[in-house]
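Participant: Sequence:
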Amino acid sequence: MSYFSERETGALPRDRDTINEAVWGGIRAIIRSRVDDGSFGALFPAACPDGRGTTGTDETAFWDVMRSEIPNLDEQPWRPNAAMPPMLDALDMIEFCWRAVGKPIEGSYHSYFGHHHLSFDVESGRAEFREAINRIFRRNGLVFELSESGEIIRLAPLALADTLSRAAFRTGDSELDQLLDKSRRKFLDADLDIRRESLEALWDAWERLKTRNGMAKKAGISSLLDSLSGPDSPRLRAALEQDAVALTDLGNQLRIRHSETDREAITSHSQVDYLYHRLFALVQAAIRSGENG
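Residue numbers (the working numbering): 30 to 322.
Worth flagging that the hints you see were computed from the coordinates, not collected in a lab. A quick note: this is a predicted structure, and the numbers were derived from the prediction, not measured. Just so you know, even glycine gets a beta-carbon here, dropped at the ideal spot from N, CA and C. Take the hints with a grain of salt, since some may be wrong.
[Unchecked claim] Okay, derived cross-link-like pairs now, DSS-like style, lysine-lysine, Cα gap no bigger than 30 Å in a straight line:
#1 Lys211 x Lys239
#2 Lys211 x Lys247
#3 Lys246 x Lys211
[What the hints assert, rightly or not] Label pairs and their calculated CB-CB ranges:
#4 Arg199 x His287: 26 to 36 Å
#5 Glu98 x Asn242: 24 to 34 Å
#6 Tyr32 x Glu152: 39 to 49 Å
#7 Leu117 x Asn281: 45 to 55 Å
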């Protein structure tokens, strides 16, 4: 469901990567409502005292397991006035809740205890939970999205999003394909530390690409750039070589492929986006020129 403002002026750009108190308040309310209506009884059932079935969520079990899997939590975050957890823990909570949720379906009414016995449509419950969470992400311009598989992913910048979502690496070199796919998966993660690892995998792929067909690196990069520029574009060829040298140097000077203390650290998501976009464009163009050559 979209709002009038979105239909009139379009959705907010998805470029924010911080969950503020207002966003967390909405997420907390979604989780709280499903604790209350018994939705998490799909995995954490509260049993009827007469043993006739599930009547809701066993909130104690729900919390105990959540806290064991997300150990930084020190109080039930869905309780009123509970402090907002660290952002990565909040995102982990969403994934945990997706695995536990189901749409409760009321069955027989137990008049003595005044409750219904419940069954659960897990697929529908997960879909509705996912829609509610993603609406909050979308309305607040956040880069996060809860996927159909229950994983929080980080949306790629628009210039890369379509390419990365459709990319299937089939270069003929299985190790190169694995490095490229690994870099893509890590790039789409919400955790900055894991996204940094995407750069290492991409730079490793770049180094391997230079030596395809058994060529030495210097000859390999020269062949790649010749193929990419063509014989009639000497200025483009010079620009490509300048860029290739600069990117190789960045891989050695920044804390991408090397972890020495004198290497400059990558400290933000925007830096990861810039570096990944810059090298991925060259790698993709080189691969395509090789396929068409």
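Participant: For each hint, tell me whether it holds in the structure or not.
Facilitator: Status of each hint after checking the structure:
1. Between Lys211 and Lys239 the CA atoms are separated by roughly 18 Å; this keeps the pair inside 30 Å, and the hint holds.
2. At roughly 26 Å between alpha-carbon atoms, Lys211 and Lys247 fall within 30 Å of each other, so this suggested pair holds.
3. For the hint linking Lys246 to Lys211, the alpha-carbon distance of about 22 Å falls within 30 Å, and the restraint holds.
4. For the pair Arg199 and His287, the supplied restraint of 26 to 36 Å holds, since their beta-carbon distance comes to about 30 Å.
5. Our hint of 24 to 34 Å for Glu98 and Asn242 is violated, since their Cβ atoms are close to 47 Å apart.
6. Between Tyr32 and Glu152, the C-beta spacing of about 26 Å breaks the proposed range 39 to 49 Å.
7. Taken as a hint, the range 45 to 55 Å is violated for the pair Leu117 and Asn281, whose Cβ atoms sit roughly 30 Å apart.
Taken one by one, the earlier hints fail for this structure at numbers 5, 6, 7, listed in ascending order.
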